[in-house]
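Protein chains in written order, with the working numbering: chain S, 132 to 430; chain H, 179 to 412.
No lab work stands behind these hints: they were computed from the structure. Be careful, since some hints might not be right.
[Stated by the list, open to error] Quick look at which bits of chain S chain H covers, simulated, 3 or more residues with Cβ under 8 Å: (1) 172-181; (2) 232-243.
[Said to hold, decoys possible] Away from chain S, derived, C-beta distances all over 10 Å, residues of chain H: (3) L181; (4) A192; (5) K305; (6) R312; (7) E369.
Since the structure is predicted, the reported quantities are computational estimates derived from the model, not experimental observations. Here a beta-carbon is modelled for each residue, glycine too, at the ideal position from N, C-alpha and C.
In case you want the letters, here they are:
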Amino acid sequence: MIRETLSELERVEKRLTTAGEEERAHLLFEQAALMHRLENLTAEQKVLLARLPRRPKTMTYINALFTDFFEQRGDRQCREDRSIVGGIAMFHGQPVTVIGHRKGATIEENMACNFGMPGPEGYRKAMRIMHQAEKFGRPIITFIDTPGAYPGMEAEERGQGEAIARNLAEMSCLRVPVISIITGEGSSGGALAIGVADRILMLENAYYSVVTPEGCASILWKDAKKRGEACAALGLTAQDLYRLGIIDGIISEAVGGAQRDLPGLLDAVDSAIRDALAELMPLSGEELVQRRYEKYRGI
Amino acid sequence: MALEAMTARARLEATLDAGTICELFEALCGGDPLSFPGYMSKLEAQREKTGMREALLCAQGEIDGMRAVVCVLDGGFFMGSMGYAVGEKVARCAEYAMAERLPLIIFSASGGARMQEGVVSLMQMAKTSAAIERFKNAGGLFISVLTHPTTGGVAASFASLGDIMLAEPDALIGFAGPRVIEQTIGQTLPEGFQRSEFQQEHGFVDQIVPREEMKKTLSQLLRLHGFGKSEVRA
């Protein structure tokens, strides 16, 4: 439903650019009605927005908000996992390490990065460059957008569970600031594995969940089609998580989703990162580690 | 065939010396942060069925006279799933063991994070991993024993972080469940996939220990880490 509303809205807006006076009034009325339907979304509708192929992705943020991005590839053990991208970049004159799940906009792009579902090598690469960030005193910014860690044979053979566990343990001890932004899908341990942070921010229509809604529905009700009920029950929206005290802030999106106003979104994300850095940079390594420990200890 | 499931109570009794078991944080319970449909009644049913308050039993006691903190997940209680209560007990035990300078041993058996507590359960993965890491960095000895089955969020947090990793024979150990993997790859998994022997072969388990030798092995490990009475050779 929400996708239909969105494409209808786009069609109306396209016609608006060329419409004459008389048609214009009618179209504006239609536009307002469609926009109204995109307000007060249900949890399930938000999940669908979070999964839209056109939604801004990690590379969108890296390219727009940072300069001098130098990508660091490989886990130094056996493989380069393209479902996680990471490297060094400049953020308003401050060298930072930036990491995120990589999703594509097309099937081809998505095949190349395994739809943003990392294997252990991706998590180990992320941890490797986080330790390097710590060595050089760079704050770390992570962008979370994954349907989950990849449930495949090779991933299991190479220790998917161990890789995630190690990241959780080691991220909790990093002596540099860590800021995580859930931009789209924050699915389970595969999301958390790069998300143990001092500040956790979420886009308005992103979701963060212990299990995919479909997984929850098929486990609990033996029916993956009961996704809507699962979405409502899991408390996975940014608003739910803010209420529960798990995330620190929500970044607003345009009506209809982040893809509808990219400049506005980038501005909001940029200032959210700047604010978080301003708060965290003065803290010492010990203070950061202690506060981060207490943050998670309190959940 | 994986070994028959053992209750957490029986495991504590088989591990700690008779008369030394002193339960820790036994009254600790979680809530229903999401008011998840049916959760509280399901939890109540689990309590009635098992006589436990939560899926994790924690105790302090002695192994061949050496003090230790031992936690046991009971796979029969809500599939040993980790919500707030389990995560909190693991974290408290790590902190307690750190303060008392005791070794920490955790027997895992779990389907993963408890879905009904949503992201609160997910965050227990971060919390337990942070607490275990802090304990280990302070010099603490953490022995993780994987029993059938250890999967999902427990396999991807504290259970994989042992200084020493032990497993019972033929236990299913992995992040993704076999059914999910089969759906992903569209074929059936080979015999023995994700079992203890497979995990040992791939480098994730130090040793597979039969149940009847578990206490002896734990005792040996504690002695090797200096927890035994000093034995001076004549």
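Hint check:
{"no.": "1", "hint": "172-181", "in the structure": "violated (count 0)"}
{"no.": "2", "hint": "232-243", "in the structure": "violated (count 0)"}
{"no.": "3", "hint": "L181", "in the structure": "holds, 21 Å"}
{"no.": "4", "hint": "A192", "in the structure": "holds, 26 Å"}
{"no.": "5", "hint": "K305", "in the structure": "violated, 5 Å"}
{"no.": "6", "hint": "R312", "in the structure": "violated, 7 Å"}
{"no.": "7", "hint": "E369", "in the structure": "holds, 13 Å"}
Hint compliance for this structure: hints 1, 2, 5 and 6 are not met, and every other hint is.
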